[in-house]
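Asks: Read off the chains here:
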Amino acid sequence: MSRVFVTGLGFISSIGNDEDSVVDNLRHLRHGIELFEPLQVPESPVKLAAPVKDFDVESFDPEDWTYPAQYRLRREVLRSFSPHVLYAYCSMKQAIDNAGLDEHEVSNLDTGIYTASAGSSRFLHRSLEKMYKRGIMRCNPLNIVSSVAGTVSFNLVSNFQIQGVSTGFASACASSGHALGFAFEEIRRGKQKRMFVVGAEDCNFDSIVPFAVMRALSLSDHPDSAARPFDKKRSGFVSSGGGVTMILESEEEVARRGASVYGEIVGWGQASDGYNVAISHPDGRGLQNAMRLALKDARITASDIQYLNAHAPSTPIGDLSEVIAMKEVFGTDKGPMISSTKALSGHGLSLSSILESGICMLAYKHGMVPGSANIDELMDEAGGLNIIRESIEMKPEYVMSNSSGFGGANTSLIFRSCQN
Amino acid sequence: MNSGIEIETVTVTPLTDDEREELADSLKRCTEETRQAAFKFRETGKLSLLPPIILGIIERFLEPEIRPKLKEGDGSLKLIDDLGIDSLTMMEIVVLVEESLDLSIDNEELRDLRTLHDVNVFLDAKIRNVPVPEKNKHFGVESVLATIPHNVPFLFLNEVSLGKNEAIGTYTISGLEEFMKGHFPENPVFPASIMLEALGQLAVFQLIMTQKSETGQSVDPKKILFTGCETVRCQRVCVPGETLTMTIKPRSLRHPIAKFEGKITVGGETAAWAEDISLTFDWIADSED
Chain W
1 MSRVFVTGLG
11 FISSIGNDED
21 SVVDNLRHLR
31 HGIELFEPLQ
41 VPESPVKLAA
51 PVKDFDVESF
61 DPEDWTYPAQ
71 YRLRREVLRS
81 FSPHVLYAYC
91 SMKQAIDNAG
101 LDEHEVSNLD
111 TGIYTASAGS
121 SRFLHRSLEK
131 MYKRGIMRCN
141 PLNIVSSVAG
151 TVSFNLVSNF
161 QIQGVSTGFA
171 SACASSGHAL
181 GFAFEEIRRG
191 KQKRMFVVGA
201 EDCNFDSIVP
211 FAVMRALSLS
221 DHPDSAARPF
231 DKKRSGFVSS
241 GGGVTMILES
251 EEEVARRGAS
261 VYGEIVGWGQ
271 ASDGYNVAIS
281 HPDGRGLQNA
291 MRLALKDARI
301 TASDIQYLNA
311 HAPSTPIGDL
321 SEVIAMKEVF
331 GTDKGPMISS
341 TKALSGHGLS
351 LSSILESGIC
361 MLAYKHGMVP
371 GSANIDELMD
381 EAGGLNIIRE
391 SIEMKPEYVM
401 SNSSGFGGAN
411 TSLIFRSCQN
Chain G
421 MNSGIEIETV
431 TVTPLTDDER
441 EELADSLKRC
451 TEETRQAAFK
461 FRETGKLSLL
471 PPIILGIIER
481 FLEPEIRPKL
491 KEGDGSLKLI
501 DDLGIDSLTM
511 MEIVVLVEES
521 LDLSIDNEEL
531 RDLRTLHDVN
541 VFLDAKIRNV
551 PVPEKNKHFG
561 VESVLATIPH
571 NVPFLFLNEV
581 SLGKNEAIGT
591 YTISGLEEFM
601 KGHFPENPVF
611 PASIMLEALG
621 QLAVFQLIMT
631 QKSETGQSVD
641 PKKILFTGCE
651 TVRCQRVCVP
661 GETLTMTIKP
671 RSLRHPIAKF
681 EGKITVGGET
691 AAWAEDISLT
701 FDWIADSED
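First to last, the sequence lines map onto chains W and G. In this text, residue positions in the first sequence follow my numbering: the first is 1, and each later residue adds one. In this text, residue positions in the second sequence follow my numbering: the first is 421, and each later residue adds one.
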């Protein structure tokens, strides 16, 4: 069994489009939430979102998009993109640079990619609308590959000439946790030497407002306080989008390349609630099991975990289930430091797990554990948990990152810091 | 109406304001000229507007650095090799042409469109609602090898597109040809004599593929001989990596002599031409007992 290391990261997120900005924002608890322009219409009860900055991808025509010049793409590449594919592409490019991989190291039989995205409901809707209006044969021939779930895989595999394994995961907000867990397995079992794990989501009217009727979103218009995981007055999540790429490599590859590493993945667990299509189990049953399985897989005990990046999206029910699950697993005495960075980043759905795992890697590299922002009054049920409200300058050893998605899908990933 | 008479306009359904706005949006990345030509066509049905509309739409899908080629080149420009249009881009072009001209095109019909000329001829016939003239037939290197008596290392024909009165062939200079080592050391240049040979091979292919005796006998590949060529001019040095596009047209085909004129271009530039390439040929003998 090979050990598996994280050797590259790329961030296109609401809290920064490069590692340094993300670290800086986390350290100083600066959020990426704003009164999002497309939502400032009377019919939208939601006003806030955490969009990616320096990208304008509102147009349905990718040739209209503006984005940082270093990622400039040809028309033939862009034409099969929806907005989140562009985020994903840029994050992957950034991660490849960050890891120092050459073309051959990206494109070979031993290098694969797992992706997570829900597709682009905005582009899918628009293309079907056009089809009904203009006729079936008068549409953009690339409508399907640009919009359905899987579009991130289609586009990245072809553009980066990936030859190893590839597939996409669709377990809502746990998607990129699954992608990461299974990518870890590919390397651990010696089937691949290197894996790209990419999570991405759109952030636009169509990706956000459908959550409003589920009463899952914060309807606040105060960007500074809307996302408040673990707070008594939490009222829903703030939606985000973006793209994050993490590169995993086998111990052998790390040694061969002399690569610098962020950290090591040492185990993961997944388990399902078996309870409700959209509501988490009241005791966080699936998440408890996922955490326990992850600990077992990593051959450590709960007391070894020093920091836990919680899923906690800032919804009344979701945060409560997780609090109960964490108390069950870690007890109420001397448990790990806990925070939910969604208070700053917003909730990126399929993106969230890989973003938060990336944040754990930054905690290692920059010796900084990010705090849980916007807690005025801690929820009563969280008593006994060590929820940290400020970022703390320290390099933890074992950290855990949790994610939960619709249908009660839960993942828990465990990392260990490296001495280098 | 006699089919020989040129039709200059076709009946069109005028655009509604909504449709006009939508078409303007679809054509927003085309030049103003193209947009206006499209609107005018939808008002008047004038067929003379087709070439600027079609060229304008193709141009819109080309990378900026390729666009000048479209302006300078002629109908022999190849959609894939010269303009970098892949099959997906071809589909995008088709959808926009369909929308602009209000017509429908089947996938099947697109398969053999290889050059700008093919596209123009095809769309012209489509819009006039007359049968599309027979397209050139395409032959890959396997067919070439199975037809002409030549083989590597003396084969200078990668593929052939055979039309009614012409054959177009290509050969990409690999630089690995044995004679290139000496022609010239450190400075590989494709020999003019081999260019003439390449035209000859294309003529042989055309001859075998098209000629039959009165009693139905085919040309015998073993009985074709190159006998002469009147005038040859070479105007351009051709080097490894370049693709020769060769066109030959028969001038007279009367057993036992076939005469052709030929031309070679590279990326639209004339590289060489030859008048009266002469071959002698004979039919396959009836089976002997």
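None of these hints come from the bench; they were simulated from the model. On a predicted model such as this, the values are computed, not experimentally measured, just so you know. Take these hints with a grain of salt, some might be off.
Computed spacing ranges between beta-carbons, pair by pair [what the hints assert, rightly or not]: (1) Ser-260/W x Lys-489/G: 31 to 41 Å; (2) Arg-449/G x Asp-206/W: 18 to 28 Å; (3) Arg-449/G x Ser-158/W: 20 to 30 Å; (4) Pro-605/G x Met-1/W: 22 to 32 Å; (5) Ser-563/G x Pro-38/W: 50 to 60 Å; (6) Gly-258/W x Arg-449/G: 26 to 36 Å.
Restricting the straight-line Cα-Cα distance to at most 27 Å, the calculated cross-link-like pairs of lysine-lysine (DSS-like) are [said to hold, decoys possible]: (7) Lys-133/W x Lys-632/G; (8) Lys-133/W x Lys-546/G; (9) Lys-546/G x Lys-460/G; (10) Lys-632/G x Lys-643/G; (11) Lys-47/W x Lys-233/W; (12) Lys-683/G x Lys-601/G; (13) Lys-133/W x Lys-460/G; (14) Lys-130/W x Lys-683/G; (15) Lys-130/W x Lys-546/G; (16) Lys-669/G x Lys-557/G; (17) Lys-130/W x Lys-557/G; (18) Lys-601/G x Lys-643/G; (19) Lys-642/G x Lys-669/G.
Beta carbons are placed, not taken as given, at the ideal position from N, Cα and C, and that holds for glycine.
Asks: Checked against the structure, which of the hints given earlier come out wrong?
Replies: 1, 4, 6, 7, 14, 17 and 18
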